[in-house]
Amino acid sequence: MSKIFPRSANTLPLQIVVFLIVLGTVMVAAVTYYSTPKYLDVGYQPIQPVPFSHALHAGQIGLDCRYCHLGVDQGPASTIPTAQTCMNCHSLVKAQSPLLAVVRQSYQTGAPVPWVKIHVAPEYVYFNHSVHVNRGVSCVECHGRIDEMDTVYRELAHSMAFCLDCHRQPERFLREPKDVYNLASSSLAGQGRLAEAKKIAQDWKVKPPQSCSGCHR
Amino acid sequence: MRHAYYTLVFLVVLTVSILGFRGLRSTRPPIEVFPDLDRQAKYRPQAESVFFADGRTDRPEPSGTVARGRTVAADPSFLRADDFLYRGKSGDGSSARGFPVPVTDAFIRRGQERFAIYCQPCHGALGDGNGVTRGYNMNPASFHDDRLRQMPEGELFNTITNGKNTMMSYADKLTSEDRWAVVAYLRALQRAAHATLADVPAEHRSNLK
Chain A
1 MSKIFPRSAN TLPLQIVVFL IVLGTVMVAA VTYYSTPKYL DVGYQPIQPV PFSHALHAGQ
61 IGLDCRYCHL GVDQGPASTI PTAQTCMNCH SLVKAQSPLL AVVRQSYQTG APVPWVKIHV
121 APEYVYFNHS VHVNRGVSCV ECHGRIDEMD TVYRELAHSM AFCLDCHRQP ERFLREPKDV
181 YNLASSSLAG QGRLAEAKKI AQDWKVKPPQ SCSGCHR
Chain B
1 MRHAYYTLVF LVVLTVSILG FRGLRSTRPP IEVFPDLDRQ AKYRPQAESV FFADGRTDRP
61 EPSGTVARGR TVAADPSFLR ADDFLYRGKS GDGSSARGFP VPVTDAFIRR GQERFAIYCQ
121 PCHGALGDGN GVTRGYNMNP ASFHDDRLRQ MPEGELFNTI TNGKNTMMSY ADKLTSEDRW
181 AVVAYLRALQ RAAHATLADV PAEHRSNLK
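Protein sequence lines, in the order shown, are assigned to chains A and B. Residue 181 in our numbering sits at position 181 of the first sequence, and the numbers go up by one each step. Residue 38 in our numbering sits at position 38 of the second sequence, and the numbers go up by one each step.
Worth flagging that the hints you see were computed from the coordinates, not collected in a lab.
Chain A side only, calculated, beta carbon under 7 Å to chain B, not exhaustive: (1) Lys38; (2) Tyr39; (3) Asp41; (4) Gln45; (5) Ile47; (6) Leu92.
Anything over 10 Å on all C-beta distances counts as not near chain A; from chain B, calculated: (7) Met151; (8) Arg187; (9) Ala195.
A virtual CB, placed ideally from N, CA and C, is assigned to each residue, including glycine.
Only chain B is shown next, with the shape it has when bound in the complex (with noise of 0.2 Å):
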């Protein structure tokens, strides 16, 4: 009966030593127990296509194309037709000034929470350039010289929109409505890097040191 119980503890000791305990890191894939299922015949974001050339199951928009859902001529963003809203150029071809939709504080604010996500690790949470990137020999923009106050909003969105220098596009990230959102987010610090005592309400003025 003693060999049974030796034979025992040589399994349990031999077992552990193979398969180890909880957590261990492996770069090996899982074992699947039961894969039913698991894996199936239909297209996941991101994922790998034998079908189509490039190998991939996410598809560009073809050239020359409309995207499902834009085909109403009564809707603002079909073909992507306002200038304005989408490329920030009024009338005549220029950079448009002002905002192609209204400003509240609900959009201020959601400028303000893209703008912490995207901009700030270059332009920094104030805007004035000093984000992180500084201490990697990256040279961003501050919003507060002269030429950033005086430029006019459409410029802005068109930087935002297709990059600047050694700064890329960053359509891809945020949508025309976040760009603009951004836009006055950015105008927003902008006044307040600028502000002056004037600016304060009267019953604060009072807790100015």
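In isolation and in its complexed conformation, chain A is listed as follows (with noise of 0.2 Å):
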């Protein structure tokens, strides 16, 4: 009687196993890789209606974030500026660019200029932007070098892992209040100085929420 299986197929099913934990490490991998907010919320980068560059404004001329964004460091929102805070300038500079026109009609019509957003927070997250940087967090730490890019995108993934990384060691963000609103500056913690991070944690008494309620009312 004739063989009906090769003697090759004696492997066979150890070939099989060895496939399919190959297979399974693949897909674990691509899905660790691809589905985070790493993967699917950096690099978003919409296109704005006025091709304004945070580089040249923020980091040439050297304007305070606070020049445009006001709200910053008094309330929750930091606040997309009106656009007479533009026309403070332009109604000098460039005053004729058709570049600017939507800005020159938004200030006389009062009607917005259609700014796409590109930092939103879920509404179930509560976040205040005023008690982050009063207390020594820089923009930097979470919104990237803005101070250096043309058209803003997402550098960062505003995960609940990338919250709490700094909600459970707050000392290792924190910076001098000076240097808040400098984003090439970098942290106490990265100039070597983390005892006067430290302390700084401890007088203001930095003790950021890691409840569910700290940040999910």
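Assemble the dimeric complex from its two separately framed chains, guided by the hints.
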């Protein structure tokens, strides 16, 4: 009686098992790599109605973040500036530029400039900008080097793990008050001054909540 | 079996070709894996409203109304009735001299901080009108000529509040108290620019070259 299966079939079950292990590993790796805000959220760079360059205004000219985003140290929202804020200079500088037509129209009619929001917290998160910047958490910790971006994009993924990284060890991310709006500065810990940062955290009662209701109210 | 591995490699290459790597720039809105409750039926700052005619959730103060919390007559901010604090005017309608709030070290430092944010781009760190905008054909005033040195504090306050010539109002950026703080710091700048040896404490004079 001739053999139905060749001799090599003896190793086939083992080969199938090995392949399934490889397949499983590849799939886990793919999900880990792609199904996370680090892939899904980072890099979002919408086209804005006005080609405003933060690299020029905040970087080269050196305007303070608060010149335009004036709500940031006073309340929850870091507000998008009014058209008048632009017109403070642009009534004189590039006053006839067609690129600024939307801003001029907004200034005259009161209709908002349709800026596209890039960083939007989910509405179940209660984030307050002022408690962060007024206690030494710089803009750059969440928004990246905005002052080097021509068109702003999401540089960091605002996942819950990202929030908790800092909420668990705030002293690693604190700056001196004078450096909060200086995006080129590095944190106290980054300068090897962790002890000072710990003192600031203690003196200013920097005790970020880690409970659910701290942020999800 | 070899073909299964080839297929797997092909699928990996295909996935990476389509999905790319982390951090790639895209103008498309991010994919939301679990959009549960990301958007709720409530108003957030500077958001869009389908209810109000002007389409915004932020409501301006209706004319002829008083904001809540400003309804007690004993409160000095009631109806912003204090002409000195809110308009820089003295009783007879002329620009007031002096400050309606006590001028302390912390008050001037607050003024310094606000000055650096909102005034320095045009008027310069020294208040001499040599801010960064001078390179863009703007011609901001220097605080150190006699006209501005003699100007009553109330008039300086009024200029910040309502603007003047090509300068627009900064009332949206600086509260009344902050505007007074900026005026106080402006006075400090003027004092520093016209300082004489007599202004330097005696023990520090030897440090001057």
